[in-house]
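Asks: Chain by chain, the residues:
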Amino acid sequence: MAEPVALKLTAKDFKSDQEVRWCPGCGDYAILAAVQSFMPELNIPRERIVFVSGIGCSSRFPYYMNTYGMHSIHGRAPAIATGLSVSRPDLAVWVVTGDGDALSIGGNHLIHALRRNVNLKILLFNNKIYGLTKGQYSPTSEIGKITKSTPTGSADSPFNPISLALGAEATFVARTLDSDRKHLQSVLRAAATHQGSAIVEIYQNCNIFNDGAFDTVKEPATRDDYLIRLEHGQPVTFGAEGQWCVVHPPGGFGLAVRETATVAPADIVVHDATVPDPAYAFALSRLPEADLRHTPIGVFRSVRRPSYDELVRDQVDAAVGKRTRTPEDELGALLGSGDTWTVL
Amino acid sequence: MAEPVALKLTAKDFKSDQEVRWCPGCGDYAILAAVQSFMPELNIPRERIVFVSGIGCSSRFPYYMNTYGMHSIHGRAPAIATGLSVSRPDLAVWVVTGDGDALSIGGNHLIHALRRNVNLKILLFNNKIYGLTKGQYSPTSEIGKITKSTPTGSADSPFNPISLALGAEATFVARTLDSDRKHLQSVLRAAATHQGSAIVEIYQNCNIFNDGAFDTVKEPATRDDYLIRLEHGQPVTFGAEGQWCVVHPPGGFGLAVRETATVAPADIVVHDATVPDPAYAFALSRLPEADLRHTPIGVFRSVRRPSYDELVRDQVDAAVGKRTRTPEDELGALLGSGDTWTVL
Amino acid sequence: MAEQSEVTSHADAARSGGAKSVRQLDRVVIRFAGDSGDGMQLTGDRFTAETAQLGNDISTLPNFPAEIRAPAGTLPGVSSFQVHFADYDILTPGDAPNVLVAMNPAALKANVGDLPRGADIIVNTDEFTKRNLAKVGYAANPLEDGSLDGYALHPVALTSMTIRALEEQSVSKKDAERAKNMFALGLLSWMYSRPHSSTLRFLERKFAARPELAAANIAAFKAGWNFGETTEDFSVRYEVKPARMQPGTYRNVTGNAALAMGLVAAGVRSRLPIFLGAYPITPASDVLHELSKHKRFNITTMQAEDEIAAIGAALGASYGGALGVTTTSGPGVALKSETISLAVALELPLVIIDVQRAGPSTGMPTKTEQADLNIALFGRHGEAPVAVIAPRSPSDCFHAAIEAARIALTYRTPVILLSDNYVANGSEPWLLPDVESLPDLRVEFATEPNGDDGTTFLPYLRDPQTLARPWAVPGTPGLTHRIGGLEKADKTGDISYDPANHDFMVRTRAARIEAIDVPPVEVEDPDGDARVLVLGWGSTYGPIGAACRALRQRGLPVAQAHLRHLAPLPANLGDVLAAYDRVVIPEMNLGQLAHVIRAKFLVDALSYNKVRGLPFTAAELESTLEDVVKNG
Amino acid sequence: MAEQSEVTSHADAARSGGAKSVRQLDRVVIRFAGDSGDGMQLTGDRFTAETAQLGNDISTLPNFPAEIRAPAGTLPGVSSFQVHFADYDILTPGDAPNVLVAMNPAALKANVGDLPRGADIIVNTDEFTKRNLAKVGYAANPLEDGSLDGYALHPVALTSMTIRALEEQSVSKKDAERAKNMFALGLLSWMYSRPHSSTLRFLERKFAARPELAAANIAAFKAGWNFGETTEDFSVRYEVKPARMQPGTYRNVTGNAALAMGLVAAGVRSRLPIFLGAYPITPASDVLHELSKHKRFNITTMQAEDEIAAIGAALGASYGGALGVTTTSGPGVALKSETISLAVALELPLVIIDVQRAGPSTGMPTKTEQADLNIALFGRHGEAPVAVIAPRSPSDCFHAAIEAARIALTYRTPVILLSDNYVANGSEPWLLPDVESLPDLRVEFATEPNGDDGTTFLPYLRDPQTLARPWAVPGTPGLTHRIGGLEKADKTGDISYDPANHDFMVRTRAARIEAIDVPPVEVEDPDGDARVLVLGWGSTYGPIGAACRALRQRGLPVAQAHLRHLAPLPANLGDVLAAYDRVVIPEMNLGQLAHVIRAKFLVDALSYNKVRGLPFTAAELESTLEDVVKNG
Ligand SMILES: Cc1ncc(C[n+]2csc(CCOP(=O)(O)OP(=O)(O)O)c2C)c(N)n1
Ligand SMILES: Cc1ncc(C[n+]2csc(CCOP(=O)(O)OP(=O)(O)O)c2C)c(N)n1
Ligand code: SF4
Ligand code: SF4
Ligand SMILES: [Mg+2]
Ligand SMILES: [Mg+2]
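Protein chains in written order, with this note's numbering: chain A, 1 to 344; chain B, 345 to 688; chain C, 689 to 1320; chain D, 1321 to 1952.
Don't take each hint at face value.
[As the list claims (entries may be wrong)] Below, in silico cross-link-like pairs of lysine-lysine (BS3-like), each with a Cα-Cα straight-line distance of 25 Å or less:
hint, chain 1, residue 1, chain 2, residue 2
1, D, K1920, C, K1288
2, B, K478, C, K981
3, D, K1613, A, K145
4, C, K708, C, K894
5, C, K823, B, K359
6, A, K322, B, K489
7, B, K356, B, K526
8, B, K666, D, K1613
9, B, K352, B, K526
10, C, K862, B, K478
11, D, K1542, D, K1494
12, A, K145, D, K1526
13, C, K818, C, K894
14, C, K823, B, K356
15, D, K1494, A, K134
16, B, K562, B, K489
17, C, K894, C, K910
18, D, K1542, D, K1526
19, D, K1542, D, K1561
20, A, K134, D, K1613
21, A, K12, D, K1455
22, B, K489, C, K981
23, C, K1179, A, K15
24, C, K981, A, K322
[Claimed, not checked] Covered, in the sense of this in silico footprint (three residues per stretch, anywhere, with C-beta under 8 Å from a C-beta of chain C), are these stretches of chain A:
hint, stretch
25, 66-76
26, 106-116
27, 164-175
28, 296-302
[Unchecked claim] Beyond 10 Å from chain C on every Cβ pair, some chain A residues (computed):
hint, residue
29, R181
30, E219
31, D224
Since the hints were derived computationally from the structure, they do not count as laboratory data.
Just so you know, even glycine gets a beta-carbon here, dropped at the ideal spot from N, CA and C.
Build out the structure end to end from the sequences listed, making use of the hints.
Replies: As structure tokens, then:
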């Protein structure tokens, strides 16, 4: 979608005139700033970019972007964005959603958008809580979570958004952090250039209702041993000195973490986001433990599959292309098709 | 849930007085017969069994079972059954649904029921078509499917119900065929005894709108080479003479099919439905090809996780148990809690 | 006199005849009934086409069994098709058939009750076996136990005669037996002197891929025709002269087909792409099926994962500058309610088509009803007014669809179109409109800032006439803006919690709908001496009209007014109602329009309600209205 | 005279005073306003509790900012709490405050407009910095530019005085600063002679875990109190004598809390488990939060994945023999529509609670409105009637919840309870009911076959009185049966497409609702000489009542009737309406009840509508009604 001429846009060009209204300290501010300063890279005129969101703190996002935008209703953004994207291939359509918006009420639209591979860039702000409604647990909250609606602890095990997306045939799946602008933008870059659905889970801190949910992967003390940074083509190692690595235990199932020293270099998994079989990315998605130990971030999967948009447009364009008559004549022909008779 | 005394029920006891109304030759007949003749095994009184369905040809199922039953609305059976199951732990609650009912309109309720691990036995009749509405494609129809609503071919790639269920944290996932009563009942047996959500995908032939969709895994000529019968604890081999097998290619990702002769016996995957990491079952779910070649049937995954029902009931029962006063006195105490004052 | 009251004269004509003679009739009602597998819909369609060729006026009514196929030969499996044709213009498929073609005992049992004494019954005797009779609970064979005395019974061995006729043909016995409906069609075509060339052409087209089947079906048709010619049992042949109809080219059309073509026309005349987001549901699915064939008009159809996604996608497409449309039936309308409310807040064009069926809940999916007027008018949270219109007949669906698009595009509002199963699947001859004469629906997208300062864009600055806001589609430079479901400040569209602004916006959204320019309602009162007005809406137009005519022919004056626009109501409606002593409102619900009329005009309107899943009969309305006209 | 018209006398009292003196007042309205972070809701709650202790009648109104926290010190960030207390019984939180406590410039700017001249304004001068003034667009400092002349301005350095007062305490500066709301509370408690023991106890409880904070807040409270005592600026102290109230034990209660307790009571009195299926939504979430704390009453609460699942789960639980309840607000009601229609078809008990907020679409989630009456009455496809009721005040929510349960259980029907943000978050003293006096809601499940043959079970055989069908819960031997959303045959409940049966069932479902036995509506017309009747429903009871009283006090007769039951309507309503020359219907919508009344009774009712997201003021209603009473 890159334009020939350089538009020379800056982050400022993407700030709307609306006063930004999140709680002081909210992770959403960092994400907004990261997106605004990333957008110029795409060299797409602002009017060709649309942000569609649902409802939630995160979903206020479009109001703060100086692009076209729709703050729709709870959970329905992927459906609305699908209609827009399919009928307007010239636009870059982004969806901003929260863990409740995307995975609770909006779960069905999300998995169907992914299955169809609609050309949407979906940013899922996961703060593992309902922020806007003031702190009920969400489908990504850990089991036993004590919240206003679960004073004795929640009874449902959470979704793993990456696993769910892969189970729904997603072609591009990634995870990043609100606090790591460089990484966040690298992931946005990969997502923006993907043809089809790209879903990016962004760990986002809600400092009012779920503060510190991601501390273990953010605190200097722990992050190196907890975070696994996936780099395409690189062996999957982590830890301050790369002392940990991910292997494919022979005969065993899935993937596992080992001490690098104890493993033959050849046995260390080399990350490849492009493997056709999603089983690999799925296995990666199962590495994290409850305390976020062994959380991979980066692009899990990125494969090419015709987008729903392309396939649908091709059918329509082909049919329109074959038309030889004016629309009115074609309509006349349609009305007069089948058995007709004439009264004089 | 098994009762001490043997009830000596027969298949006939489970036939309702309603005339069965499906198209002659519909796979639903075979499934109904299999379920009716399986039920007595459970030795559960009929009144303690409830079938809840949505809308679709398949969803007429409850009317034909002489148990309690609700033919609800399109896609909502898992939600309705959840409320019933959670509040009535003494009941055996079964859900009957179709590929459209469960995966199109009902997708969100299904994945949330699986995530929560609600104690439901879900039978998904997958005929890869909308039968009741006379033949539109469904979320399991192959891409390019020509139907009434897609005269030039559908543009969306299908869900793999097994992969989707695993991505949604399902604890019990299986697949079987309408035409193989023995296998169908063996899977029902395993599902019935599972604590928590058990989802069973049943390949079902719609001989009116999608006839022969599963012929390759049913025809004597092909089935042996196409079907992979999973048996817990057994090496995964198939073919008339077991000439094919499933291996875990070293270094490679996921699972693959090889000629048994070319593989060291030790390298043949031994099926274990109880591995905690769903990555294995997920890898199995990716084996089939577009023509159903290499389709595993049987129990993919069966692991124990506390059911939503148990956890919720425990919280309620514990609270009720701690109560020392009569309900009325307890209510009086509640009303009078907090700051009160008295006017004389 | 009432339409069905000619029946006897017709049958008498039959019996009275000696050698083959030809009788003139002004109208006939034939019902083809058989098993779901017997191809009765096709047979009816073909007979209708031949009759159309001949220039009679026509009205048809298919009657599908429940969605699920019942076992062969059972009552729930019976499928029928009724066709009414006449040498004058008619308004309904007829109350009672003059002729019943019954392909099996179930078909006879399910339909004989609707026949007036003296009607012709043609039965396929081959199917009257012990087993089949038992299946439907016939203790004795009705063809022999005299229970059909008083009808003109014609026993015909349809199956065996067809098989015999096709012995020479190179088709399987099964295929030969399948052709029996063509034998029946041939016989009826002969009886009523229908031209058969179009049917023969049709069969060649249909079986182009398998010529042997074409040949077999044609042979069966001819065998049936010749049987009529030769057999003694059919002594009379009937003719129904062409109706005096406006000159022009006609076709027979069902409501769903006309609706689809109306949407195509709306796209052509607005020069906009059409985006249909739909989730299949009886009886609306055919509109999706039909439109999906017309991509060449730049029409995109999407089968969404559910009704909410379907309307969401349509709304997204409208936001992008297409005409978003969604088609559904009752349960789907309920699910779309929240998104319709969003569309009201966003003020974007959107057409919501509800092909009504019998409710509540799943109800009777293949039966008709008018009980979704309430949800269309009032079924949203908050004050969320939309425009509502309804077609009155199958062909009228074409114009109703164009009108819905006109309102949606001109006023930037959701419009709900209330069709129903009766008009959707019924058919009638349609005088093809001249395409150029169709309304011009072109709209102007916003392209420039509209603020006083010449640089800012105000997405909620309204057109003083229409109160419509600018339609600024993504991709337009300089107009980037944000919209959403939270309350918006007047003009700027920014989020606003200002109390006065909210009150203003709520009233403005209501005023927008009231401001829609709709034509005055017309009153049919030929002699202008009526004191009773019958007010209707939607698919009841036919039976109400037929009843009114019948009353007038009997010298009982009655006026008829029929509403196309239910929101807003025509400006002259109040005066129209005031001009009569009594207002009667027949509805296939419990009085939903009556409720609105009473509230708005404080008129003590009389409701006549039947909620049977079937259209009104002209006869029942005639007698009800007669009562009112005579006794006030 | 109107409630707010004493304001001046009150302020005069203040100024006229010399040395500290005590003045008696009959009523006071205080508004605490500050930043979302300033703890104004807590401050207001405490002041209310102290006031309750003292035995005044009370009515409170919190005013939350939009759901999302705005940056500190901005106008959208302002949160306020208004408390009205008097020595007689009052009906509203008061139109205009006599006293405004403004913790920062934003709070002053956002609220000063509501103050009558002469009102007291207590401002926290420490917050009136250049930056903070600029934030809200104050060019000059309003405390200095004379723009507040005509008010009784009390500049107090709340923050710094609090910090100074806590120097001795072992708390951080931040925590000390945080305690400034307690300083303000102390000051106001002194001014209005409130008993403070309960507050001190409360603080100890609240900060039990951190005693140093308890000590600090208590010290701040006392500092404020002493400041009032010592400073010259506050020369007068006020007293408001206890109100003459019915003897008994009282507590202050909000509508949402009362609603939750009403549901608990329904469970206790029906001996049934309660199953609440809910999806969080403002302003209904608190009912879920509250009920989830009361599992000991055999209450199960489930936070579902969406509103459809929430009502689905509740319906499933009802099918299993629990009382299924679902709580939501407008957008959620829209989503539940299809399932409510199923519940109508299944004829099972179900309570749907809609805490209304301003719409359409997302609207203004924290603001009040009455615009969901339409969707409650008419928002389903097909003919799907349900019962609808509405509470009139915070404490009335308790009884309304029990009444909803009574109807649902007795008649096996969905019941929609229409609360709104105003009653849900407002509070008033509540005379605690005697538990034993609450209605007995026990029901009988079906346990035996009910067919004539003594062996078959007919799930749709009705009770002749209530028309309710048997509630046969799974687990009951001998009664296995199937139900569903397709049309059911009378008695057997089997799937039926029979036209006559459908008509019968549609009318029967309507008759069931009409048959519900609801108490007659009462008319308040003390002198029986009124010619004008004011008819209301729901949360407008307070302002309407206050306006009517004020008019009567001025010798202008007016009658008031307030509806709890909106479907079915009370049997005597027609006669009541007929007894007056003029009927006025004030609603916080565009006339939804008026529409129903006009349609049903053909009464030319006058609508008074304001849709501002705020409750009516007694004053506006008083002047509107005065007009009608005088000029008819
Ligand atoms: C139909 C509907 N149901 C419920 C709500 C209330 N609601 C608004 S946002 C939200 C969830 C917010 O959580 P999330 O999506 O995680 O966003 P966050 O605020 O955490 O960024 C809910 C339940 C609504 N606005 N509409
Ligand atoms: C809310 C709603 N939307 C749509 C329908 C129409 N409908 C009934 S069943 C069905 C799909 C049936 O497909 P499936 O679930 O695969 O069941 P099958 O008939 O194939 O067994 C649809 C779209 C409906 N009844 N209700
Ligand atoms: S509530 Fe949480 S998520 Fe919402 S704005 Fe505040 S900090 Fe951010
Ligand atoms: S349509 Fe298909 S699925 Fe439905 S009953 Fe007939 S054969 Fe079975
Ligand atoms: Mg969240
Ligand atoms: Mg199916």
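Asks: Could you run down the list of hints and mark each one as holding or not?
Replies: Okay, the hints, checked on the actual structure:
1. K1920/D - K1288/C: With Cα atoms ~11 Å apart, K1920/D and K1288/C stay inside 25 Å; holds.
2. K478/B - K981/C: holds (17 Å)
3. K1613/D - K145/A: holds (15 Å)
4. K708/C - K894/C: Given that 25 Å is the threshold and the Cα spacing comes to 34 Å, the pair is violated.
5. K823/C - K359/B: The hint holds at about 20 Å.
6. K322/A - K489/B: OK: K322/A and K489/B at ~22 Å, within 25 Å.
7. K356/B - K526/B: This hinted pair holds, its Cα atoms lying about 18 Å apart.
8. K666/B - K1613/D: holds (14 Å)
9. K352/B - K526/B: Holds: K352/B and K526/B sit about 21 Å apart, inside 25 Å.
10. K862/C - K478/B: holds (24 Å)
11. K1542/D - K1494/D: Roughly 19 Å separates the two Cα atoms, so the pair holds.
12. K145/A - K1526/D: With a Cα-Cα distance of about 23 Å, the restraint between K145/A and K1526/D holds, given a limit of 25 Å.
13. K818/C - K894/C: Distance of about 35 Å is beyond 25 Å: violated.
14. K823/C - K356/B: holds (22 Å)
15. K1494/D - K134/A: holds (24 Å)
16. K562/B - K489/B: holds (21 Å)
17. K894/C - K910/C: Roughly 17 Å between the alpha carbons, so the hint for K894/C and K910/C holds.
18. K1542/D - K1526/D: holds (17 Å)
19. K1542/D - K1561/D: Holds - the C-alpha atoms of K1561/D and K1542/D are around 23 Å apart, at most 25 Å.
20. K134/A - K1613/D: OK: K134/A and K1613/D at ~17 Å, within 25 Å.
21. K12/A - K1455/D: Cα-Cα ~22 Å, so holds.
22. K489/B - K981/C: Answer holds: K489/B to K981/C is near 15 Å, not above 25 Å.
23. K1179/C - K15/A: holds (21 Å)
24. K981/C - K322/A: Between K981/C and K322/A the Cα gap is close to 14 Å, so the pair holds against 25 Å.
25. 66-76: n = 9 at 8 Å, threshold three: holds.
26. 106-116: holds (count 3)
27. 164-175: Violated: only 0 residues of the stretch 164-175 of chain A have a Cβ under 8 Å from chain C.
28. 296-302: violated (count 0)
29. R181: holds (24 Å)
30. E219: Check passes; 36 Å lies beyond 10 Å.
31. D224: The claim stands: D224/A keeps its Cβ more than 10 Å from every Cβ of chain C (closest is about 40 Å).
The earlier numbered hints that this structure contradicts are 4, 13, 27, 28.
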